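Student: One letter stands for each residue in the lines below.
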Amino acid sequence: MSTTALRTPDATTLATVTLGRRRRNRRRLVVLSVLSVLIVVMVAVSLMVGRTFYPPMDVLRVIMGQEVQGASFTVGRLRLPRTVMAVLAGACFGLGGVTFQTMLRNPLASPDIIGISTGASTAAAFAIITLGLSGTGVSAFAIGAGLGVAMLVYLLAYKDGVSGIRLILIGIGIAAMMQSATSYVLSTAGQWDLQEALRWLTGSLNGMRWPSVVLVAVIMILFVPLLSVVAKDLNMLQLGDDTASALGVRVDRTRLLVVIAAVGLIAFATSATGPIAFLAFLAGPIAVRLVGPGSSMLLPAALVGALLVLIADFCGQYALGTRFPVGVVTGVLGAPYLIYLIIRTNRTGGAL
Amino acid sequence: MAWFLVCLGILALLVVASIAIGTRTVPVSSILSALGGSDETLDEAVIQVRIPRTVLAIIAGAALAVSGAVFQGVTRNPLADPGILGINMGASLAVVIGLAYFGMSNPNSQIWVAISGAALSAIFVYAVGSLGRGGPTPLKLALAGAATSAALISFVTAVILPRGDIAENVQSWQIGGVGGATFERIWQMLPFIGVGLAICFLSAKSLNSLALGDDVAAGLGEKVAVARGMASLGAVMLAGAATAICGPIGFVGLVVPHLCRLLVGPDHRWLLPFTALTGASLLLAADVVGRIIARPAEIEVGIVTAFIGAPFFIYIVRRQKVRAL
Amino acid sequence: MTTEHLLKAENLSLGYKERTVIEGLELTVTPGKVTAIVGANACGKSTLLRSMSRLLSPRKGQVLLDGKEVHKTAAKELARTLGLLPQSPIAPEGITVTDLVGRGRHPHQGVFSRWSAQDDAAVASALEATHTVELADRAVDELSGGQRQRVWIAMALAQETDLLLLDEPTTFLDVQHQVEVLDLLTDLNRSRGTTVVMVLHDLNLAARYCDQLIAIADGKVHAAGDPADVLTEDMVRAVFGLDSKVITDPTSGGPLMLPIGRHHMVASAAGELPEHRS
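Chains as they are written, first to last, in the working numbering: chain Y, 1 to 352; chain U, 1 to 325; chain A, 1 to 278.
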């Protein structure tokens, strides 16, 4: 309905604008393709390589549902669900993390740091140690607590609307409290339970079975479309609440939808694998470095997340002598990057 | 002045409570004979354990609270606290590495290691948090601290996961408590606490100047960098020594200075002694509560303080204007 | 030319928490003109602007755009008619000028619609209007304050609204950049017929660059109209609590306010000091 008479721009100006945009689009496409190829390669490697090596044909035949001596069990029952879960969980953590980082305009505001993963961990430790649960019971507790903590942080941060800064700080406070609750629960544990709980708390793909994989897949089918519908609005939030709403974004509604979707993804993925350390935090910033700023980071972050988990899990299993759960690998690799990123962020005062 | 006496009175009451109350109830007669030095009956022996524990709670509480007050002053940041700033985790990681790779079991060397770890992470978090525009704002400092803690935790996990043998030993390092106190260990940390307290108290006047901002403080003739360095050194020694003996105890350093500021105002010459007294009382009270609420088990004092402190932290955050963060 | 949109506030009351900032305010923005809002610190200028662009719901009363309540209009629909540039907008790190200006196209795009040739044209035209074409592929972080402000205005232009509200578009700018930005806004008003409403700090610049001057005091409109009628010594005293002398601006012919303080006064000016100051 706008009737502002647009002065037709110069052809050269128009060309500058169009070409610049195409160039950035091309970079994005190239990066996305490379990431996808790498994921496929890593999936193939994780399926073939292990204590015993299976050639690609055997692996393919197992995937097609044929019976192959030995491979059917090792690849079909052990490696396949583990690998699929690595991809799904990586994507979930990547999506959830980058959503929070974009929304709160701060790369440090990932679910790892503002208490959501911590809440899920505390509940899981409680379920494993105090209640002696395992499997689904632990998952249910982790999901409930992840959602609960997210809601609590959101409510406590509410005061004339939600300010991102307040939300981050309150998240940190809650996380500290949860951390000590976890420590308490751990202190009451016996030796065996303790190891088990610690393993879960760092995030691990050990003993992954199909039912958990299917659950996470279903959750992704539910929440990923929701997230992509609000993706554009989410991107506008980077300009600050006032500018975003002046451009027609309903800030509060967008934030609520986005939080629901992101927390859903994070909580369910956490319930399946445990909180894989720093993954939610790492995927977004790496994706931005690769793709360049400006466009939506959801898809790139999901791919980066999946790739990171695949690589870290593979390294944890075979590259380091002792078998480390995937979370230890991402934790130790992620920590220096985290510190580098804080330094960088603070120096430039910038966001993601 | 009246408040000072009131605080002293409360502390005295808590000392009595700490000695008398525990998972095991003991008659007054045993308490009296135990205080006389006897440890023949089981009751008297129980009391003999509670005495060093009480002393440790007093010392550690005072140390942590003063350390928090000084950090808040140095950084002009209402959210500064040894726990929030990741200093406790620095001490933890240092000790864990010492235990795992250097077979370090001598408690005296543990103190040194813990203090160095605390100092390193304090310097690091502060340096990172004050980069960029606006200096060390509450948000930047808290985020730098939380992120550093998270990073340190993952290192701690990576160190202990493959070492089932030390996991149990290290676990006590993840929660702060005063339960295992002995006079021997208290003696070991006392010099550090004494020197730390002295430095902090001597810095009180400089802290008052620093509160007005670096430029104004420099204008008032304060050597800003020196004053800040000295005060921080004192605070790190206090936090490091307390952490070395008790393990990480969070939020005492956050809550107590705020409470005391309400009572006696922002003058550090009054604030610091008050903070020491109140910190001792708070930690003692938290310890007594921890012994009572989960009978027959005990809840470590670090957990009690976290559950008191985190809501308080949230309250402070909510009270602040967004711009000030 | 543009269709003329009528923006008015009726019996408007605004506030945060217990504090009421604006009370019972009546205001009509002259369509197709440049309006400046002035007033002392914390008098509610920015609050008023936020409310006119739907960012803040009124306690009482209403803001009407063409007779329709702004706060009941769909966000995107309003954003196609009325744009707002807040005081300190945030640029995502590393974003290029073109991409940032492109963000202004948001209200014209659907959830899954692709970037169109029309979007490119709007961005290009906004860059030209603000003389930022040569900055197109630079990162916004690297620009100077004046350049950055022009880029933000370009973003608001790409929004293609007939009404443009700006909250202190000249703060933190050097004087030459202040003039540059105000000249630019005047150009837009003249060439595109965009109605411009801005909160300004500097009374004299406001008086020079606007067609309609609105002075806010005590939560109400103290005076509104032609700058020559509004900017008077009485108004400055009532709104800012400052004694002043208003003369004719030798460069523009409009009013020019010269503050009277306690020092550095020549005898003739001091002689005019009211009783209570001498």
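Honestly, the hints are just simulated from the structure, not real lab data. From a predicted model like this one, the values you see are computed outputs, not experimental measurements. Yeah, the Cβ is synthetic: ideal placement off N, Cα and C, and Gly gets one too. Be a bit skeptical, because a hint or two may be false.
To be verified - Covered stretches of chain Y (chain A as the covering partner; in silico rule of three or more C-beta atoms under 8 Å from a C-beta of chain A):
1. 70-77
2. 248-255
Said to hold, decoys possible - One side of the interface only, derived from the structure: several residues of chain Y facing chain U at Cβ under 7 Å:
3. Ser-134
4. Leu-147
5. Met-177
6. Ser-183
7. Tyr-340
Stated by the list, open to error - Simulated pairs of lysine-lysine, DSSO-like, Cα-Cα distance not exceeding 27 Å:
8. A:Lys-33 to Y:Lys-159
9. Y:Lys-232 to A:Lys-60
10. A:Lys-17 to Y:Lys-232
11. A:Lys-60 to A:Lys-8
12. A:Lys-17 to A:Lys-33
13. A:Lys-8 to A:Lys-72
14. Y:Lys-159 to A:Lys-245
15. A:Lys-17 to Y:Lys-159
16. A:Lys-72 to Y:Lys-232
17. A:Lys-220 to A:Lys-17
Student: Please list, smallest to largest, the hint numbers that this structure does not respect.
Tutor: Numbers 1, 3, 4, 7, 8, 9, 10, 12, 14, in rising order.
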